[in-house]
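> One-letter residues, chain by chain:
There are 4 protein chains.
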Amino acid sequence: MIMEVGVIAASGYTGGETVRLLLSHPKVNLNYITSRRLISKYFHSVYPNLRNISTLKFEEYNIVKVKEKCDVVFLAVPHGVSQDMVPELLEVGLKVIDLSADFRIKDDKIYKEYYKKTHSHPELLKSKNTVYGLPELHREEIKTANLVAVAGCQSSSAIYALYPLIKEGIIQTNNIIVDSKTGSSGSGAVVNEGSHHPIRANSIRPYKMTGHRHTAEIEQELTLILKSNKLQNEQVKVGFSAHGVNLVRGILSTSHVFYDDSMDVSEKLLFNTYRTAYGEEPFVRLINQKVGIFRLPDPKLIIGTNYCDVGFQLDEHLNRIVVLCALDNLVKGAAGNAIQCMNIMCGFPETSGLEFPGYFPL
Amino acid sequence: MIMEVGVIAASGYTGGETVRLLLSHPKVNLNYITSRRLISKYFHSVYPNLRNISTLKFEEYNIVKVKEKCDVVFLAVPHGVSQDMVPELLEVGLKVIDLSADFRIKDDKIYKEYYKKTHSHPELLKSKNTVYGLPELHREEIKTANLVAVAGCQSSSAIYALYPLIKEGIIQTNNIIVDSKTGSSGSGAVVNEGSHHPIRANSIRPYKMTGHRHTAEIEQELTLILKSNKLQNEQVKVGFSAHGVNLVRGILSTSHVFYDDSMDVSEKLLFNTYRTAYGEEPFVRLINQKVGIFRLPDPKLIIGTNYCDVGFQLDEHLNRIVVLCALDNLVKGAAGNAIQCMNIMCGFPETSGLEFPGYFPL
Amino acid sequence: MIMEVGVIAASGYTGGETVRLLLSHPKVNLNYITSRRLISKYFHSVYPNLRNISTLKFEEYNIVKVKEKCDVVFLAVPHGVSQDMVPELLEVGLKVIDLSADFRIKDDKIYKEYYKKTHSHPELLKSKNTVYGLPELHREEIKTANLVAVAGCQSSSAIYALYPLIKEGIIQTNNIIVDSKTGSSGSGAVVNEGSHHPIRANSIRPYKMTGHRHTAEIEQELTLILKSNKLQNEQVKVGFSAHGVNLVRGILSTSHVFYDDSMDVSEKLLFNTYRTAYGEEPFVRLINQKVGIFRLPDPKLIIGTNYCDVGFQLDEHLNRIVVLCALDNLVKGAAGNAIQCMNIMCGFPETSGLEFPGYFPL
Amino acid sequence: MIMEVGVIAASGYTGGETVRLLLSHPKVNLNYITSRRLISKYFHSVYPNLRNISTLKFEEYNIVKVKEKCDVVFLAVPHGVSQDMVPELLEVGLKVIDLSADFRIKDDKIYKEYYKKTHSHPELLKSKNTVYGLPELHREEIKTANLVAVAGCQSSSAIYALYPLIKEGIIQTNNIIVDSKTGSSGSGAVVNEGSHHPIRANSIRPYKMTGHRHTAEIEQELTLILKSNKLQNEQVKVGFSAHGVNLVRGILSTSHVFYDDSMDVSEKLLFNTYRTAYGEEPFVRLINQKVGIFRLPDPKLIIGTNYCDVGFQLDEHLNRIVVLCALDNLVKGAAGNAIQCMNIMCGFPETSGLEFPGYFPL
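In the order they appear, the protein sequences are chains H, Z, S and F.
Mapping to my numbering: the first sequence position 197 is 199, numbers consecutive.
Mapping to my numbering: the second sequence position 38 is 40, numbers consecutive.
Mapping to my numbering: the third sequence position 351 is 353, numbers consecutive.
Mapping to my numbering: the fourth sequence position 180 is 182, numbers consecutive.
Please note: incorrect hints may appear among the correct ones.
The list that follows gives simulated cross-link-like pairs (lysine-lysine, DSS-like), each with its CA atoms no further than 30 Å apart [claimed, not checked]:
1. S:Lys43 / F:Lys119
2. H:Lys43 / Z:Lys270
3. H:Lys210 / F:Lys270
4. H:Lys270 / F:Lys239
5. H:Lys108 / H:Lys118
6. Z:Lys292 / S:Lys29
7. S:Lys111 / S:Lys210
8. F:Lys128 / F:Lys210
9. F:Lys67 / F:Lys29
10. S:Lys292 / Z:Lys114
11. F:Lys229 / F:Lys128
12. F:Lys210 / F:Lys229
13. F:Lys239 / F:Lys130
14. Z:Lys210 / F:Lys59
15. H:Lys210 / F:Lys114
16. H:Lys270 / H:Lys292
17. H:Lys270 / F:Lys114
18. S:Lys292 / Z:Lys210
19. F:Lys59 / F:Lys29
20. H:Lys239 / F:Lys292
21. H:Lys292 / F:Lys130
22. S:Lys43 / H:Lys210
23. S:Lys145 / S:Lys71
Hints in this document: simulated from the structure, not taken from any laboratory.
In this text the structure is predicted, and so the values were computed from the model without any measurement.
Working from the sequences, and respecting the hints, build out all of it.
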């Protein structure tokens, strides 16, 4: 059976990437994409790599049309906008996969703290049909969700790195450092001074050292793991710091975490911990080579793909574990995870439409 | 029917790219790859994007094994080496697709002039079963060829730009300028001073302004067109100049050509000329937009794909036509064309295994 | 004697670069910089490399102030604006060095053709006190000029490459090709879609293949040379094509020119021609090495400096000469030449404030 | 008085940069540079930006010549080589500034632990005439030193970030994280696979997460500060992790450090701490803006200069301070600091030859 799908706000980078992946997805028919600014223009007018390949055109957003044309709808509208659109989409019976941040945070107080705005539908935040869209952590709930809030790009990278260590109770949880490096596509398709080529090129810009919004998601998800594990009331605390680097796509997060002297942490324990977590996962790879240039995760190796590479090193010198996680912010950090969630929701093979292995060198 | 294929010297960039594309080709079984240096190592040890995806290992080259395991074999050995390997491969009945320059030039004198070496098998150069591997020009001959000499990366770009103009007799043929810009992967996988990152980054290096070897192929192929067209004995002369730019993949060639005052050249004529040449071609796109950022071909849009974008502008100011051609040197300029040739030789759909449309931005 | 100088519109890239160079110029006191948008802000708020180094602040533009504070004034206002500012500046007795295109073209009809606008002061265009600001060509006239129109960045690069060949009557002058590659700073400091990092990075964008405005200057200056030389009425015709590449600073122009069969062109002739032209020039270097990576000009080697590297190769195959010219669009292509002109106008040593030799690698 | 100076092993990147800076130093005469590989070749054959500017040639190394020609000598030989050269240079009465790592570590056991080699002159390591070459920390000792061991590039960046916090006793000292990002010139001028352009471009490579040699220097220097401060026997422990990014020059280190709940840490305290440490320093700038793109240190702003930018953010969420430090690995991280040390040793103004403020954008 072919699923009818649509993408709302398909001209931006996460929306556009969702379109790209859906166009070659074997189980869906993408027949509705919208953009307020580009109505009746071709999709390839903004994604010119698709000239001669797709004849899809942008349409106006309209709830009647969505209902008529789609079973599943992807929202790639700006943060703050989707919370007012989702209720009516759910009402008409659609499955909604939201790429914005609006439904990622369960607690509306924390939402307000980080997003400086009162959420218009806090009841949906708490609903058990609203699921945080990280397939590896919430596969079962996603199956029956009607609203999936796809994880943030940098959040995903941090959570993939850390969740196995939290789950196994290996590390201290109130002094977790995540030092993140990200490409310019993460700042979006709209021109802005920070993304002006003469400004952005050749820079390593520490742009958000403290208080980054993704901190909220990371702490929420890791705390959930911690609680489920320890049956106790601790709160994970993450010091998340984000740098812009001279790349278009790609995130590398370097997590620095500490373990207690009392813990008997070894490379073997860590290896087993990550293998247990990801051994069966189709898209998370454990990268820990003893030789060669690419011993640890590097965004260069996963650009354009839905793969997420995770690796670690043990530093007994100060009871530290360094965990690296590389992913493509627009794929595994957004559109790819969105489609993986759709595959789960729709009962498709989880890897459908996401098998592209990338190329090298690039 | 599944074809059994092999890639000889699969660790370099053109060999590796051939492997990458064959691994996801629906009609072939890639069961033999060789590398003298890496025997029994995994392919992913040098193409780490394929970790967890391919378990293919490098083997030793051996004519008995090749014969046993392959119907078609791709040669990605260095220039000068394949001419001594091809005869025995043909003898045992294999179809050979050679990515080196050894069999591209029909005239062994010109081969010697450009490659400073006497060809060891000039009879094969002239054989009608040896075909220059540019599918759009030699489709019919490729069908029955047993040896295909895949076109050079920069040569392809120049020929795609110019052949329609020569065919229609629009331009002067003794003062053709091709100003080519190419990424660093064109210099190969072996470390060398010119490709040292601190040296290569942030440069526009004019590395071969005159006497570039690809001149020979370009002139050979365009002269063939000219002769078939005009039934006369002229020789096309091309001034080919190559620059290294700050990219890993991609070629943009800018051809500057002149037409006679007597010619009534118009945008419409040019448009029709290119449409006639490429209107039915699956991988050559005509790019000539009136608006937007990407009005003309740009390598950015075809990286990782088998597409070749061609566009032109008419400059009546000095009876000049500027033709742009962008392609990925490792795909449409090497491995992609090689596989397109294989598809033609084997009667597969010509686009099999080559449909990836790229992503944007990158 | 210290000269008092000012820079009008000092926040953009050419204005800012002029400020940078003037700040360390031993003969001037920079005491007036303006910006409509940034009045009373520090210069280092937009040029943050100068934090702790300069305490200069932007002021409002005001003719009374300019007169009071300056002997020489640099205009870095947008094209079309300076033509209305210059008359009053001249009237109050200032020497004006205009970095815009407004006074480069002598013939107001050609100005209108290329700039689509009627010039408001055509009498100034033709005045012998208005001089085209290329020191190597107009040194004597600059000494007594009161208005210098600094040459365009890409124009400079083309003229430096070609003028010696025209002067010596070596080449055909109606089929000159200039294939130019330029960095993103050439598109200015104001954000725009073409300079958006995800769009601009990793591209080679052919953005203006025909009709580029710099064509007018190049033809004007080369025709002047031709006429002074040949005492005849020919017009030089240049096919100028510009590409944006993945650099912030730097231009490489590759000129392809033809000579008549009758000419006895040799490497030696060319070497002598360029040595005659530039042998005594402090900032134009002849680069023609037989060995090494950097045999010909490469922007990488002159970034941040006032040097202009010129080199050539002879291609007897089609009676072609290839001339390369590399310069920094913001220095030798704008602010550096402006200051070199000022040095000439003021009787300072011509190299004052311009001696920085760059660094390597970068 | 003009000092006669020499640079041994001047062809590599740190040696070459030392030459570049010395060539325009007003107080020295650089009259001896050596390279085993390039004897009698011009310096500009490897630093082609200096064509027409310097006629310096490489000579053979020879102790007699050094003595004859130099008062001060800079060593840029590989690690492990200088320890055998230094004794004879000191013996003949030269002042030696060593850019290698050989004399940075006071304790030969720690030297052996990190460099896997027994030091051949441990007595020199401990000598009070051997000084760690970080001018801001050891100005007084450098004045009378005869051997200065210039600090490592990444070490400098970490120490500049952290020393004021240690000095004032603000932070915990056994869990300091330094997450460092560095350009490709740090891997040297000799070609190697990791610096191959197709491999290095577009990557963020975590290349040394634990056990980096610079850890030893950082801990040594910070422990010295701690001890001088607290009069106690603690050892600073640093978790230093280094990433290669897509730049040629530049280091950004991001330090994540923790303070005790009991400490009353405020932005004001931190501001005062850094102002006290660096308020009078000519080359260390405190960067903490509330607005704009460049609020915190970014290597983009200091490339080519001897400036070191330091900034911080307070994260009360987990009692964390994030400290950023940006410098040019070849200047403030090597040759610039070497010359600043020379200026101190010779009684020159400390900023002589080091005033270049960089340019923007780049």
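> Quick one, are Lys111 of chain S and Lys210 of chain S close enough, alpha carbons at most 30 Å?
Holds - the C-alpha atoms of Lys210 of chain S and Lys111 of chain S are around 22 Å apart, at most 30 Å.
> Sort out whether Lys270 of chain F lies within 30 Å of Lys210 of chain H, counting only the CA atoms.
20 Å, holds
> Would you check the hint for Lys210 of chain Z and Lys59 of chain F, treating anything up to 30 Å between C-alpha atoms as holding?
28 Å, holds
> Would the hint linking Lys108 of chain H and Lys118 of chain H be met if the CA-CA limit is 30 Å?
15 Å, holds
> Quick one, are Lys239 of chain F and Lys130 of chain F close enough, alpha carbons at most 30 Å?
25 Å, holds
> Hinted pair, alpha-carbon criterion (30 Å max): Lys43 of chain S, Lys119 of chain F. Please report holds or violated.
55 Å, violated
> Does Lys210 of chain H lie within 30 Å of Lys43 of chain S when you go C-alpha to C-alpha?
24 Å, holds
> Decide if the proposed pair is consistent with the structure: Lys210 of chain H and Lys114 of chain F, CA atoms, cutoff 30 Å inclusive.
39 Å, violated
> Please work out if Lys270 of chain H and Lys239 of chain F have their alpha carbons no farther apart than 30 Å.
Holds: Lys270 of chain H and Lys239 of chain F sit about 24 Å apart, inside 30 Å.
> Given the hint that Lys145 of chain S pairs with Lys71 of chain S, test it: the Cα-Cα distance must not exceed 30 Å.
22 Å, holds
> Please verify whether Lys128 of chain F and Lys210 of chain F have alpha carbons no more than 30 Å apart.
28 Å, holds
> When you check the alpha-carbon spacing of Lys229 of chain F and Lys128 of chain F, does it fall within 30 Å?
17 Å, holds
Figure legend: structure checked against the earlier numbered hints; hints not met, in rising order: 1, 6, 15, 21.
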